[in-house]
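Q: Read off the chains here:
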Amino acid sequence: MSKWIDVCHIDDLQPDSGVCALVEGRQIAIFYLPRLNAVYAIGNFDPFSEANVLSRGMVGDLGGQLMLASPMYKQHFNLQTGICFEDAAISVPAYPARIDNDRVAIRMSE
Amino acid sequence: MNTKQTLVVIGNGMVGQHFLTKLVESAAKDHFHIVTFCEEPRAAYDRVHLSEYFTGKSAEDLSLVSADFFAEHGIEIHLGDKAATIDRQQKQVTSAKGVVIRYDKLVLATGSYPFVPPVPGHERAQCLVYRTIEDLEAIKAAAENSKIGTVVGGGLLGLEAAKALTDLGLETHVVEFAPRLMAVQLDDGGGAMLRHKIQALGVKVHLNKNTSLIDDGEQCLHKMNFADGEVLETDLILFSAGIRPRDDIARACGLEIGPRGGIVIDNQCKTSDPHIYAIGECALWNGQIFGLVAPGYTMARTVAADLSGTEASFTGADMSTKLKLMGVDVASIGDAHARTQGAMVYTYQNGSREIYKRLVVSQDKKQLLGAVLVGEASGYSTLLQYCLNGIELPENPDALILPQRSDESVGLGPDALPASAQICSCHDVSKGQICGAIEAGCTTIGQLKSATKAASGCGGCAPLLKSVLDCELIKLGVEVSTDICEHFPHTRQDLYNLIMVEQIKTFDDLLDKHGRGLGCEVCKQAVGSILASYWNDYILEKPHIGLQDTNDTYLANMQKDGTYSVVPRVTGGEITPDGLIALGQVAKKYGLYTKITGGQRVDLFGARVEQLPLIWNELIEAGFESGHAYGKSLRTVKSCVGSTWCRFGIDDSVGLAIELENRYKGLRAPHKIKFAVSGCTRECAEAQGKDIGVIATENGWNLYVCGNGGMKPRHADLFATNLDKATLIKYIDRVLIFYVRTAARLQRTSVWMENMEGGLDYLKAVILEDRLGLADELEQQMQHVIDTYQCEWKTTLQDEQKLKRFRHFVNSDQADDNVVFVEERGQVRPANVEERKHFKLIEEAA
Chain U
1 MSKWIDVCHI DDLQPDSGVC ALVEGRQIAI FYLPRLNAVY AIGNFDPFSE ANVLSRGMVG
61 DLGGQLMLAS PMYKQHFNLQ TGICFEDAAI SVPAYPARID NDRVAIRMSE
Chain G
1001 MNTKQTLVVI GNGMVGQHFL TKLVESAAKD HFHIVTFCEE PRAAYDRVHL SEYFTGKSAE
1061 DLSLVSADFF AEHGIEIHLG DKAATIDRQQ KQVTSAKGVV IRYDKLVLAT GSYPFVPPVP
1121 GHERAQCLVY RTIEDLEAIK AAAENSKIGT VVGGGLLGLE AAKALTDLGL ETHVVEFAPR
1181 LMAVQLDDGG GAMLRHKIQA LGVKVHLNKN TSLIDDGEQC LHKMNFADGE VLETDLILFS
1241 AGIRPRDDIA RACGLEIGPR GGIVIDNQCK TSDPHIYAIG ECALWNGQIF GLVAPGYTMA
1301 RTVAADLSGT EASFTGADMS TKLKLMGVDV ASIGDAHART QGAMVYTYQN GSREIYKRLV
1361 VSQDKKQLLG AVLVGEASGY STLLQYCLNG IELPENPDAL ILPQRSDESV GLGPDALPAS
1421 AQICSCHDVS KGQICGAIEA GCTTIGQLKS ATKAASGCGG CAPLLKSVLD CELIKLGVEV
1481 STDICEHFPH TRQDLYNLIM VEQIKTFDDL LDKHGRGLGC EVCKQAVGSI LASYWNDYIL
1541 EKPHIGLQDT NDTYLANMQK DGTYSVVPRV TGGEITPDGL IALGQVAKKY GLYTKITGGQ
1601 RVDLFGARVE QLPLIWNELI EAGFESGHAY GKSLRTVKSC VGSTWCRFGI DDSVGLAIEL
1661 ENRYKGLRAP HKIKFAVSGC TRECAEAQGK DIGVIATENG WNLYVCGNGG MKPRHADLFA
1721 TNLDKATLIK YIDRVLIFYV RTAARLQRTS VWMENMEGGL DYLKAVILED RLGLADELEQ
1781 QMQHVIDTYQ CEWKTTLQDE QKLKRFRHFV NSDQADDNVV FVEERGQVRP ANVEERKHFK
1841 LIEEAA
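Chains as they are written, first to last, in our numbering: chain U, 1 to 110; chain G, 1001 to 1846.
Think of the hints as simulated: they come from the structure by calculation, not from any bench. For clarity, every value in this text was computed on a predicted model and none was experimentally measured. Possibly wrong hints are sitting among the right ones.
Taking beta-carbon pairs under 8 Å as the criterion, some of the chain G residues facing chain U (in silico) [claimed, not checked]:
#1 1327
#2 1377
#3 1463
#4 1542
#5 1804
#6 1811
Straight-line C-alpha distance at most 20 Å; calculated EDC-like pairs for lysine to aspartate or glutamate [unchecked claim]:
#7 G:1505 to G:1787
#8 G:1672 to G:1754
#9 G:1542 to U:12
#10 U:74 to G:1052
#11 G:1588 to G:1610
#12 G:1140 to G:1052
#13 G:1204 to U:24
#14 G:1804 to U:50
#15 G:1560 to U:50
#16 G:1365 to G:1392
#17 G:1453 to U:86
#18 G:1453 to U:87
#19 G:1513 to U:61
#20 G:1542 to U:102
#21 G:1837 to U:50
#22 U:74 to G:1486
Ideal placement from N, C-alpha and C gives every residue a C-beta, glycine not left out.
The task is simple: from the sequences and hints, build the whole structure.
A: If you want it as structure tokens, here you go:
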């Protein structure tokens, strides 16, 4: 089933920055962009450094696409698709995320 | 007088639309009035990326047609109306809604339909196919009350469909008739690796399964019964067992059809009726149906050319493909199965990284015939170029698939490709066309995409396109913009002045007034640094958090495995035995690796985020404070032991070093700043290799500026001599703030000096003679920074809210299980790849 999983309160998030959540055994990086009043979720594992660090990167946009810059070697990943800007052949998982009643939820398979 | 002929296009899918686009760009556009029928309720959309509909893309995002395309080109489109019959005698098309259009030329782009095997029970509810947006909506609706979904067909489309089911949150099964996944594109080894990887993602794969009956399930809606007696219960079934050409309308009007379907076409894509063309998946050329979009596009271009009187022909297509299936890279090139006579095969398999690569080469090992890549497909573009252009292989072809262990690149540089080499196969763009566009002024991938359409199809050629672009730009010597990034049309110095003049206190305010978009890591860090230099607010205040790089965010230095190192301040390199003991005890307690730094302090490595506050509590308790090793700020003031102990010492270098370090600690700057103070001209502290160097003389202090060690060493310039301490400090205040105000982003003082107009003499005039009348202001600003100094760790430890950040998970107290240490020379270090594998095996066995 398509399942929304409650993760945390919106106050647990960092504005214009990320946190990492453990959801169903997976490490998920969640980013909160107050300007867009939106949250985005991608895998926390950085395929370039092979370390669980993406939640600690910086967010923004490049060429109109929302992005995250890895804190390790600074590759950029699309926040909505997980695809790497520098190498479209590389991507991280992207998950639908939402804020509902001040609670943050992400959707993933059971 | 209207002399235009009428051209009717049946079908507005990807290929139909590509044809229209090419036609209106061609000379033929003035000769035809164009009418097109589109059975679906919306105009052409991107079927290749259909599964993205489930990961957030809307039907609008997937659209391939701008809203005004049809109106702009005077094309009459009948949306939601299917062409029903063709009368070749009368040369007219009649639609389902009864519209009748007379044609002079007719193009069939009717595409294909998903093949549903005639298994008894295939018409039950929630037995669906995967081709249109309406199909997706039906799948979405069915998924709402389903737990388990099954895809029949383990080919390329079947696996795409399986991804869609997992995105919808279903337990997903794939049932394949053949003994491996993607049987057409992959060999046994590649198929097995793909299966392994997909199963690891939670999809259950059933091979060699022939479904014989679908009937009622016990736990689920359906039960699939296989010929081998096994059964599978599922709530939703998606058939994706291949495609069949939609040739019914052509068949009904008597056009020649292949024995297994498909509208027969010649090299001009003409059917057996010279007034009728067929393109895309409905067309049969040389006994072949082409189920990829690129050959369909080639056919579309061929017909557009033929109608404008240009010679063109379709002579088959390369069916090489690269895609990402459920995040797994898969590519297949040419003769993947090594069916060519005498073909030789190389394979590389990496079990730990789950990579499989296979090269098929000619008997003489000179030509690449085919390849299979699973798990890692970055070499696809290079291999495809070898294959398509017949480029002679290197002496050891296996180098192309073996991991690169050194810096030596085995890839084909863009320079090695001929101008005729096709870079983008979707839109048939050659390297020559791309170079032409670059010469005509394109400097970004975005511009190249719109100018040439390259990389705007499947996107697989994007990395190659980028390397061609970079290579050509370098050749053209293109000047680099001085804008800090795309979000601000300003240099760092401009931004500094704007913040100062307009008294701007936050990034958001600056962005609203002078920028665009959301910002990026480049401008955010630069502005964060400027705000910190100018206002000296606590950097983890809410408006500033997002401006900090991870080192500043966690007030520690990130290392390669995601742990951090901790460097307490040891002013002037002077430390008490109790201080040393305290450092040792903390390191021991938290299992940290310790090393003495070049700046005369101790670095403690291997701290996890959740340990940082605990470690700092103890360090602060023992009298330490933040060393700002994580910031672009003052690092250390190194010193020799000076006149206090040294037989040759002239003055108290340690005392001055401590005073200077305490004065400037916490000052944020465009880059890190290092000082040193030597007690005599023997220069044991190496002050002339520092941003600010001070050397004692018989008559006072000599000040040196803008030196550097590191990548490009630079001896510091002697700036002023025989200074008393008050004057020395005044000058340093002024130099530092002038640097903070005027340097470029991440520019060390050495480069700042080298790029300064007027150089050393100018800097002397500004600082020593106050030529700009800025001296007081510079000193006042420094005084502000000094007065507002805080130990960032002390502030952080007092704030419960801020401490919440220091845990790996926001919703769990667990630690990151990917951090693994091993012991070496009596201390810990991060495990390397081999060791990590071993560790995982032990863990799994336990």
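Q: All hints are to be evaluated individually against the structure, with a verdict given for each.
A: We went through each hint and held it up to the structure:
no.	hint	in the structure
1	1327	holds, 6 Å
2	1377	holds, 6 Å
3	1463	holds, 6 Å
4	1542	holds, 6 Å
5	1804	holds, 7 Å
6	1811	holds, 5 Å
7	G:1505 to G:1787	holds, 18 Å
8	G:1672 to G:1754	holds, 17 Å
9	G:1542 to U:12	holds, 13 Å
10	U:74 to G:1052	violated, 26 Å
11	G:1588 to G:1610	holds, 17 Å
12	G:1140 to G:1052	holds, 13 Å
13	G:1204 to U:24	holds, 18 Å
14	G:1804 to U:50	violated, 25 Å
15	G:1560 to U:50	holds, 9 Å
16	G:1365 to G:1392	holds, 9 Å
17	G:1453 to U:86	holds, 19 Å
18	G:1453 to U:87	holds, 18 Å
19	G:1513 to U:61	holds, 18 Å
20	G:1542 to U:102	holds, 18 Å
21	G:1837 to U:50	holds, 13 Å
22	U:74 to G:1486	holds, 17 Å
Violation of the numbered hints given earlier is confined to hints 10 and 14; the remaining hints are satisfied by the structure.
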